[in-house]
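Chain by chain, the residues:
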Amino acid sequence: MNSEPNPILTLAWTFGLMSLFAVGGANSAIPEMHRVAVDVHHWMTDRQFADVFAISQMSPGPNVLIVTLIGYSVGGVAGALVATLAMCGPTAVVAYYVSRLLARSARSPWPAIIQAALVPLSIGLMGASGLILALTSNRNWAAALVTVAAGVLAFATRLNPLWMLLAGGCLGFAGVI
Amino acid sequence: MPSDSPPAPLPAPELPTSSAPVPPGLVELFVAFARMSLAGFGGVLVWARRSIVDQHRWMTADEFNETFALCHFLPGPNIVNLSVVFGSRFRGIPGGIAAFAGLVGPPVVIVTILAALYSRYGEIDALRRILAGVSSVAVGLLLAVVLRMMMPLIKRRDLVGLLILAAVFVAIGLLRLPLPTVLLVAIPLSIAITLVARRVAA
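Each protein sequence line maps, in turn, to chains A and B. Quick note on my numbering: the first sequence kicks off at 6 and runs consecutively. Quick note on my numbering: the second sequence kicks off at 24 and runs consecutively.
Honestly, the hints are just simulated from the structure, not real lab data. Glycine is no exception: its CB is placed at the ideal position from the N, C-alpha and C atoms. Don't take each hint at face value.
Computed footprint of chain B on chain A, listed as stretches where at least three residues anywhere in the stretch have a Cβ under 8 angstroms from a Cβ of chain B [unchecked claim]:
id	stretch
1	11-25
2	53-66
3	75-88
4	93-101
5	136-146
6	156-163
7	167-175
Covered by chain A, according to a simulated footprint, are these stretches of chain B (three or more residues, beta-carbon under 8 angstroms) [unchecked claim]:
id	stretch
8	130-142
9	155-169
10	172-178
Based on the provided sequences and hints, a complete structural model is requested.
Structure (structure tokens):
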């Protein structure tokens, strides 16, 4: 992979393909994004990947926009746009045709079966995302503790996640993490 | 982040007629999706439901759940799929594009500006520390979503499902195998197991 002709093209086909494999949404594809961006192409470091994830979680809009940030770091504004369209385009076309197909066909049992089969897969993928991000984000015990605390709070309460992100930022600024 | 959890079932609203009094136009689609997207810090789904079902009444709660279920089982970002399916249902392909552009366009501008700021100032020490704190919390939030999604499987004692879940977790999270390879094996296997399990149950 050393003879990459054009990084923008690489972005386009990498995320275009990933789009079709992102079972369960953008957060399921994070391990693959990390593998491609950090391990395969060396577009960014572990730390930058964790930063980019943090920024995407703080920003408005769908979670998938983490690819906009990855794209920007590879090829500026053009990279950002290409990565975003590549990640959203193919699956959007598939969604359009499948929804029309299902609207016309009689009630088929297949959507329910496929969905039931995919649920454990997508949870497993998201769990892997959590693990990989936890390993890249948390460089010490205090940081790991903050992750656990945020996880427990979010699981047990209905506290707005934005407040917790803000609190994390303050703890970081204060040098606790 | 809650955009990945399925919408909570609501009691069916007792509306006499179909949900859409007036089908939305292209501009309306763009504006509605732009607004829900920009409001959607940490997940757009909640806002999408509020806007489409409660505010505009373009769909009933049941129609919305069905559409979302479809978009959840398709690959790719769920909410992006939802915008395309929703928009094209009312206004064909232009409608799908308008909804998609509304959902993705404005936040992409914001995120691109943030990306530029990060590439310029990302090495400043104070910002580094803040981002480290935020990402530690964000990971915790993601783990909470995973746990919430696992609860139904655990409650049902769905051992097969939990086994598939664990296998995917090990393959991707620990062994770091490429996603396409894992899915090409796991998807047919999981569908076959689901079919067999249903036949046994029936």
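Now for the hints, and whether the structure bears them out:
Given as covered by chain B, the stretch 11-25 of chain A passes the check, having 4 residues with a CB less than 8 angstroms from a CB of that chain where 3 are the minimum. With 13 residues having a beta carbon nearer than 8 angstroms to a beta carbon of chain B, the stretch 53-66 of chain A meets the requirement of three or more and the stated coverage holds. Taking a C-beta to C-beta cut-off of 8 angstroms, the stretch 75-88 of chain A contributes 5 residues in contact with chain B, enough for the three needed, and the coverage statement holds. Counting residues of the stretch 93-101 of chain A whose CB falls under 8 angstroms from any CB of chain B gives 7; the rule of at least 3 is met.
Look at the stretch 136-146 of chain A against chain B: 7 of its residues bring a Cβ nearer than 8 angstroms to a Cβ of that chain, three or more, so the hint holds. Here the stretch 156-163 of chain A counts 5 residues with a CB under 8 angstroms from a CB of chain B, which clears the bar of 3, and the coverage holds. Residues of the stretch 167-175 of chain A with a Cβ under 8 angstroms from some Cβ of chain B number 7, which satisfies the need for three, so the listed coverage holds. Coverage of the stretch 130-142 of chain B by chain A holds [criterion: at least 3 residues with CB-CB distance below 8 angstroms; count 10].
Note: the stretch 155-169 of chain B has 15 residues with beta-carbon separation from chain A under 8 angstroms; the three-residue rule is met and the coverage holds. Under the rule that three or more residues need a Cβ within less than 8 angstroms of chain A, the assignment of the stretch 172-178 of chain B holds, with 3 such residues.
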